[in-house]
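J.: Listed below are the residues making up each chain.
There are 2 protein chains.
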Amino acid sequence: MNNIISYIEENKNRYVEELSDFLRMESISSSPQHKDETRRCAHWVETHLRDMGIENVEFIETEGHPIIYAEWMGAPGKPTVLLYGHYDVQPVDPIELWTTGPFEPTIRNGDIYARGSTDDKGQVFTHFKSVEAYMKQNGSLPVNLKMVIEGEEEIGSANLEKFVRENKEKLKSDIVLISDTAMYAKGVPTICYGLRGLSYFQIDMTGPNRDLHSGSFGGAVQNPAQGLAEMLASLKDKNGKIRIPGFYEDVRKLTKKEREAFAKLPFKERKYAKQLGVKELFGEKGYSTLERVWARPTFEINGMWSGFTGEGAKTVLPSKAHAKVSMRLVPDQNPNKIARLFKKHIKEITPENVTVELTQMHGAKPALAPIDSLGVQAAAEALKKGFGKKPLLQREGGSIPIVVTFQQFLKTTPVLLGFGLPDDNPHSPDEHFNLDNFHNGIKTSAYFFDTLASMSNGR
Amino acid sequence: MNNIISYIEENKNRYVEELSDFLRMESISSSPQHKDETRRCAHWVETHLRDMGIENVEFIETEGHPIIYAEWMGAPGKPTVLLYGHYDVQPVDPIELWTTGPFEPTIRNGDIYARGSTDDKGQVFTHFKSVEAYMKQNGSLPVNLKMVIEGEEEIGSANLEKFVRENKEKLKSDIVLISDTAMYAKGVPTICYGLRGLSYFQIDMTGPNRDLHSGSFGGAVQNPAQGLAEMLASLKDKNGKIRIPGFYEDVRKLTKKEREAFAKLPFKERKYAKQLGVKELFGEKGYSTLERVWARPTFEINGMWSGFTGEGAKTVLPSKAHAKVSMRLVPDQNPNKIARLFKKHIKEITPENVTVELTQMHGAKPALAPIDSLGVQAAAEALKKGFGKKPLLQREGGSIPIVVTFQQFLKTTPVLLGFGLPDDNPHSPDEHFNLDNFHNGIKTSAYFFDTLASMSNGR
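Each protein sequence line maps, in turn, to chains W and L.
Quick note: the first sequence, position 378, residue 378 per this note's numbering, numbers continuous.
Add 1000 to the 1-based position in the second sequence for this note's numbering, that's all there is to it.
Next comes chain W alone, as it looks inside the complex (with noise of 0.2 Å):
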């Protein structure tokens, strides 16, 4: 490993200056005067994986952006990779935001500023940097490998489902390794080890036929609005205890060791409700913040609506009250499972006096990689030695769609190695990524490979 660790350091200077080509390409996927900008962006991907020494890559099109595929299989025995990255970006606007060019890198303070820089192009270029560093000083990888770079994920990666869907064996592999995500807070190297699911739904309930003055029919019939609102509050409890029976049914428990784990992480309740402007945080009695967040299903109304919303005040007793909810879910929930029980629930206490209408908008399973599998035990023995530090364990609270369509289709362990901080403007003016954290997410990617081949030897 010390030949590989010391091309890096040797070559620290040169990887900055390729990343900024990389940040250069206005390689913005939803804008179509953009599309050939985008399109060389991906050349560029495909030439650099030539460049670092991997012969078979693939350019590969699709209905929209083109897909870059690579591998190197020289490692029979041992496990397969399966990184996966994009170098499409965001759009820039507000312009007038940036204190420079978004195409235009710079560096202030040990950050490079640019559009993409940490979402998603300096995440992914340290795995090719190390990809380089194994290639140049030993002609071949500690573990077999295969490389999927889209340029469609800002706009959903409806093309890379498809591919992924229809390219099973090609794509089979044992670990999907993705860098796009923030590490907890600089200086705190954390595995994302899980992340939430989700069942969406829309609820339209119906009172009278018609929109009625709610003078001359106040009180003769139940208004869908207040119906709405009594069926919305009884779906939680005054302890936030979701009350769809059998909802908690095949909730994993939080394990003491995980419990420990988020306890260790720096999080200081105070100021978290500061930044939110909360007087007092709300959730679910008996469990900590970050248990909740992470580790604990929810159920949060994301919109509402009824009747007259304008300025001013209209007597109207509205006809439909309408409501967008959605229930994030955690291991082992299982979303078709939670939409059965929440469509059987609302019909139950749907009251004579109003009519509903489900629609199930989204279903996503939560995904969960073992604190012991493979994956997750040489990810955090990468970062220790990458940052100098143990790392620490979290979850997710969100979902990351591709996270499901890899583990839906090709039934691997997701390893989220993220290398971003919590203020890197990803998506927003300023974006920017930490050049310690690219540095040492390279190292924390070539031990990666490493300490992997070396941990399957032992298994």
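Everything labelled a hint here was simulated from the structure, so no lab data went into it.
No false leads were slipped in.
Once the Cα atoms are required to be at most 20 Å apart in a straight line, the calculated SDA-like pairs of lysine to any residue come out as:
1) W:314 - L:1030
2) L:1279 - W:355
3) L:1320 - W:273
4) W:241 - L:1233
5) W:238 - L:1234
6) W:274 - L:1355
7) W:314 - L:1362
8) W:238 - L:1348
9) W:268 - W:422
10) W:271 - L:1213
Start from chain W and add chain L according to the hints.
T.: Leaving out everything else, chain L in the frame of chain W:
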């Protein structure tokens, strides 16, 4: 009286022709293009009153459309009636849904079709024509009469309110007579002796200081949409009772006589529910539907909005949630006291994890003319003679702002003598007015003045 009634019968056809002249004028008060035509209509009313034999007619300029004021005070010692009506009409759109032109009065199946036929030209004209009969036959009226015919009812009566406020002495009267409502049903003459009041609020609830990602933050803070749903749900119990402490304190109980009167009205729960498209009616337990709508206070959500309300799904945990709510009030509830109780209660039930701002939008006192008051008794007697059937008693669930204005500034008893029918389509295409009701209305008006005069002797 016989000579009066004969005169009315003999002039039947001329009365309809004159009403048609009145209806031909396009006095749409909300339309700037119709300003001259609206003014022409005011002049028509002025001239018409003079021609009827009322000498003291004033054409009163306002900042908007003119008010026509008239008085005949030749019955010293007798009650003074203030007749209120309006000569302006609603716009006509959607024009394509009219069977015949809105300003081309046409008679079909005993109804006269035109914009303003029932609201309010046709109704106010019944009183003009009974007054004409008296003046032409007797040269005098049995009571003193003041008339206020405005041109801005359909746009909020702003200038009328000012006029009333500034002319309390001029408008001094014992009874305000208004024919701008509907009877309970064809062939069912009814007296409306009560109107509900109103207290209207906007509730703005704030949770976190910005919209949050419901994945990353769901479980950490109270969702204001959930908080608002819980707050609104808590304001009513399962039996439809409003749970604001002190809310029912001043509610005047329905008398046995009133409950019996309501029960006599031909009301079919099943048919009513079917018309509204609901399987079951709903409201405060222990009261019939008509009692709930007319004589019990209500709490209604008029509007509600929060978070994402567009197409599709967005996983937002909203920062804010809003509702517009109103309470209909009944005698002797005071809107100021109710507003105070509401604000106090909301403050008490607002949890520490959200903040709430209340904006008071409207307040109106409920109105009640005691059943045994002179005006109501005279109206009952007049309806019995005019329509050949003992009238039933009803209240109205809505509030008529102008009634409250008169009550507030003039302290008079309102008499709502509605000759319209529930399916007359005011404010809609094919507005019409039943000609039987027109003719019987004229007679009823004549009987009303006569009965009032003789009844006042006995008091």
